[in-house]
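There are 4 protein chains.
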Amino acid sequence: MDLDLQNYSVRTDLAIESREMAGRGQQQPIPGVQEDVEEQDGIRITRLNVMDEAGAQQIGRVQGNYVTLEIPKLREGDSGLQDRVSYIFAKEMEDFIRKIGVSPNAKVLVVGLGNWNVTPDSLGPLVVENLMITRQYFELMPDQVNPGYREVSAIAPGVLGTTGIESSEIVQSIAEKTRPELIIAIDALASRSLERINTTIQVADIGIHPGSGIGNKRRGITKEILGIPCIAIGVPTVCYASTIVNDSLEMMKSHLGKDTAQREAIMGMLNSISEQERLQLVKEVLQPLGHDLIVTPKEVDKFIEDIANIIATGLNAALHEAVTPDNVAAYTH
Amino acid sequence: MDLDLQNYSVRTDLAIESREMAGRGQQQPIPGVQEDVEEQDGIRITRLNVMDEAGAQQIGRVQGNYVTLEIPKLREGDSGLQDRVSYIFAKEMEDFIRKIGVSPNAKVLVVGLGNWNVTPDSLGPLVVENLMITRQYFELMPDQVNPGYREVSAIAPGVLGTTGIESSEIVQSIAEKTRPELIIAIDALASRSLERINTTIQVADIGIHPGSGIGNKRRGITKEILGIPCIAIGVPTVCYASTIVNDSLEMMKSHLGKDTAQREAIMGMLNSISEQERLQLVKEVLQPLGHDLIVTPKEVDKFIEDIANIIATGLNAALHEAVTPDNVAAYTH
Amino acid sequence: MDLDLQNYSVRTDLAIESREMAGRGQQQPIPGVQEDVEEQDGIRITRLNVMDEAGAQQIGRVQGNYVTLEIPKLREGDSGLQDRVSYIFAKEMEDFIRKIGVSPNAKVLVVGLGNWNVTPDSLGPLVVENLMITRQYFELMPDQVNPGYREVSAIAPGVLGTTGIESSEIVQSIAEKTRPELIIAIDALASRSLERINTTIQVADIGIHPGSGIGNKRRGITKEILGIPCIAIGVPTVCYASTIVNDSLEMMKSHLGKDTAQREAIMGMLNSISEQERLQLVKEVLQPLGHDLIVTPKEVDKFIEDIANIIATGLNAALHEAVTPDNVAAYTH
Amino acid sequence: MDLDLQNYSVRTDLAIESREMAGRGQQQPIPGVQEDVEEQDGIRITRLNVMDEAGAQQIGRVQGNYVTLEIPKLREGDSGLQDRVSYIFAKEMEDFIRKIGVSPNAKVLVVGLGNWNVTPDSLGPLVVENLMITRQYFELMPDQVNPGYREVSAIAPGVLGTTGIESSEIVQSIAEKTRPELIIAIDALASRSLERINTTIQVADIGIHPGSGIGNKRRGITKEILGIPCIAIGVPTVCYASTIVNDSLEMMKSHLGKDTAQREAIMGMLNSISEQERLQLVKEVLQPLGHDLIVTPKEVDKFIEDIANIIATGLNAALHEAVTPDNVAAYTH
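Chains H, B, W and G are the protein sequences, given in the same order.
If you read the first sequence in this note's numbering, its first letter stands for residue 1, the second for the next number, and so on.
If you read the second sequence in this note's numbering, its first letter stands for residue 334, the second for the next number, and so on.
If you read the third sequence in this note's numbering, its first letter stands for residue 667, the second for the next number, and so on.
If you read the fourth sequence in this note's numbering, its first letter stands for residue 1000, the second for the next number, and so on.
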């Protein structure tokens, strides 16, 4: 989880949230941004392509491809829905990998970012633990690997506080040694919105850009640095207390309806100031008291386990042709 | 954890919060309520005695004794502070048990309420796991038990959703069979306030009164029902998202200062309506969207472990005369 | 796990092991014991009915019905095999419950014996955690329970060392209060044989008879005491080091073939003394040095998790008519 | 854990076991091997220096320094003893590091080998989790690091089966990038003897030499490869079933006393054949049936946690001058 406490702003880790903020609610096309939305069975798929610098400026995200799955009911624990999400996620991953020009047999290194011992930050390591790993067979007995499998390795590099080494340094070292042709990094994110927590999966080909908060030593896991495509899979698992408050004030405005005068009466200036200013105020209120905690739903253990399982299952099916939705359970723990 | 979703109101599980709300900020004495506050080394101890029905009405809590430890810096992970809290908690527990007239050798049944598998609700089971249990020695070889130990047994009864049986039914059955002379029940609570989460320990002799939300079959773990004193130890480990929002609006009022007109300008009616009405509004805003999540700090794994250790260590020292602050580590896992 | 260290003998917890020892290798029928063996797809099912006292004497087991599943390859982690075992276990449980005359809608209390925190002893609690529990719905809204479900409750009572209360006392208290019509207790066992560890499931209607080692206070979970049928599901998860040695010496005899003189030459008296005497010798050798450890395979975490899942899945399908092999995944975590 | 199933022989991972086997019970000095034994308070310290090739041949270990702590009662859970072991381990580590010529401020990389999810193999990752890590402070704000601390980083590289990458490849990559001056690797070992399991800690400056079983790609974590000293800390946490049997037969010989004729009568040729031949026989007996399991004591969860804590505490005190036995608890989780 990459929480940059010093530099927090309305910036969000989710492209669809940036898109909403850019659109300010109106869903007009943004120049330089291709957008495609599909909905099936309670799963909303948004594919964004931020094509040029103008689009990037407009939407506040770097150029690249973004696919987001939103599944508002994912926290309800319906195993049928989980299977469907896993299936669709696998399909989207396959398309995504093809679309960004990675060959079907490219060697993949999966990186599970985060901390085993902090439940809302354990998504990456949990996914890695459930992947079907094959690189050792390709290394030791390449002739005997069945067709339909590609070379997959994985690492859970830990976090700076427990290793003393930046995750990106560790990944770079290993990538230099093992020469994968694609990196897929999984990370837990902070969300702007309570409802997105543990209900949203974002895939992007922009890699991981850690905050610049603690100096330029931190370099990230990106194509620019490593020379190979880096796909980031992110799931919001936490949010700031200030985010909840600010988010609720925004929702209160909607709740109160279109009569501006009435809203003004009830909410005063909170109705009219910009979201940025309002968040500033909320943070001022909360921070001096040490209140701007990062929080997670109380059912976090179960939610993280479920999503880790969805992502591992989906990746196993997406990465190995021989693994299909019907037999994937046999490959995923 | 006893979360009564249907019947939620401004009601809080913490007596000091009720006292603050009753006092509306002014710390005048409340008739029928004795109060004693002490502060040492970053630990604030509040002893409340709600002596009569008038006091109970005024403060909104049933008659009884309440001791609260507030340790604002407990989440910072300072092991020296944790040791001090453990020591003071042991001393307060000893005094409390004596004060409510329980004999020094009374047989104790400790009840760890909550769910192993839901981290913010696992406090009770975790404490039980670290207690020094002696009943089996008293039963099987009473002559050989060293002086300085009393008969202690413990149970973690699980939660309704995984057992199908009310915790209080389980505790009643076992108490009828094993005939303890004192019950001490440990439970995770919901707080009105983010800052109280995992920084506050409340001890009360009023037992556990589960909400009446799901029918009169639920009876509670109380002296009235069991005929023996029931001490409840509670630690807030979660709060509602709506609580965070409402709490922040209250803090915003303080933050904006004493100029009512200015506050009114910024916050509109949110400044003037009652806390109860405001909460109602916040809940209206959040609930239709399924937003009124219960949240916990992201570091919940570590926080719960630390507090469980403090409480288990303190109970071991308080319940067995032979266990002292100096040797307690040898008894507590 | 019920390990009676004082009273250990060649006695085993598995009826098929008793049967083998009684038969001394020859599979002739034993008077008073009905036997039926079936094998399918790598799963061997043995149904024993010890019908009278003579049979019980002969085989060294109390009268009752015993069904054993032996799955030698269960430790290999094949999820297809696990699914088949789960399915067959469900079918056998249904037949077993019917056969012992329990009505299809009888209220069931499932008891998960053992200790959460000792992996090879955590089978019972793990199964309980994954059951579909319904009693609360029958209690609170009996009109709204769909057909096809029966009333199931469950408890993991802990172990004497951490509660100070015998598991059987806890179960008795709860059974008196909640009045189930059938008890199903799950327990980890000690095996005489390494190969049986985590590859064998035994179902018996004789309840749980804890050793008499620590006094007559320990009474067991049996029909005699509780007045209702008590089914015990047992899985060997550990064995004594002395068992391994003795077992190997027995295997060495077979390995060395039929030439007694040769066996005598190689193994000396170890070839000719009775198994009981030999075990006595092995224990003498190991015990003074504190060597008679109880051991478990190093992959115990995975093995226990897999078997707990098989049993929970099977029980969910066996106990609720509406749960079938096809939809059981949706009901079992 | 490095278990080389194909190539198993009487070879053991513990130098003191090699020494015993070389000495065949007689404790005469071995040329080329310096030996120093000390005993205090139930802790036996053996310091071996295998000085030349002749000594290495004789004892069957590579040249280097070996320190072994044997604490037969460590499994009894006495926290006072654990503290003493931790203290002595810290002192021995400090001496060892000095003795092999590493400067007091040398940058250290600690490597926790093994698998998080396999309890008897989780020692390395558990130790790493409890270390005091400082490299990030030296990197980001070198001026502000208090005196008395050195630069320590750590990594738990996972195991080949879950990463697809040899641990040694991962460590080499990271060492090349971060340039430590000393590597300390912690690993769980297989023992020749049940009594050594979880009661023995070995420190050696020979690094980690993984078996050559799966090809020459596996290179090890050694001074030859990395150009810096590599200390290995090993604890036996498992043994083979065949080891238990063979070990017991050896003990049976001692148990039966000095009368060879009597031993011969009871044990036949098992008394006279060489240990190597006997083990071969035992393995023949066990292996065809898939019996040569690797086992661990049933209390493995607790034993591993205790030893991990001892080692982490000891390393924190040994590596940072500012951390002393009195304040170490504040630094070790």
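Please keep in mind that the hints were generated in silico from the structure rather than gathered at the bench.
Don't take each hint at face value.
[As the list claims (entries may be wrong)] Sample of chain H residues facing chain B (criterion: CB under 10 Å; computed from the structure):
1) I30
2) E139
3) L140
4) M141
5) I206
6) E264
7) A265
8) Q280
9) L281
10) K298
11) K302
These numbers come from a predicted model, not from an experiment.
Beta carbons are placed, not taken as given, at the ideal position from N, Cα and C, and that holds for glycine.
Q) Among the hints numbered above, which are violated by the structure, and what are their numbers in rising order? A) Violated hints: 1, 2, 3, 4, 5, 8; rest satisfied.
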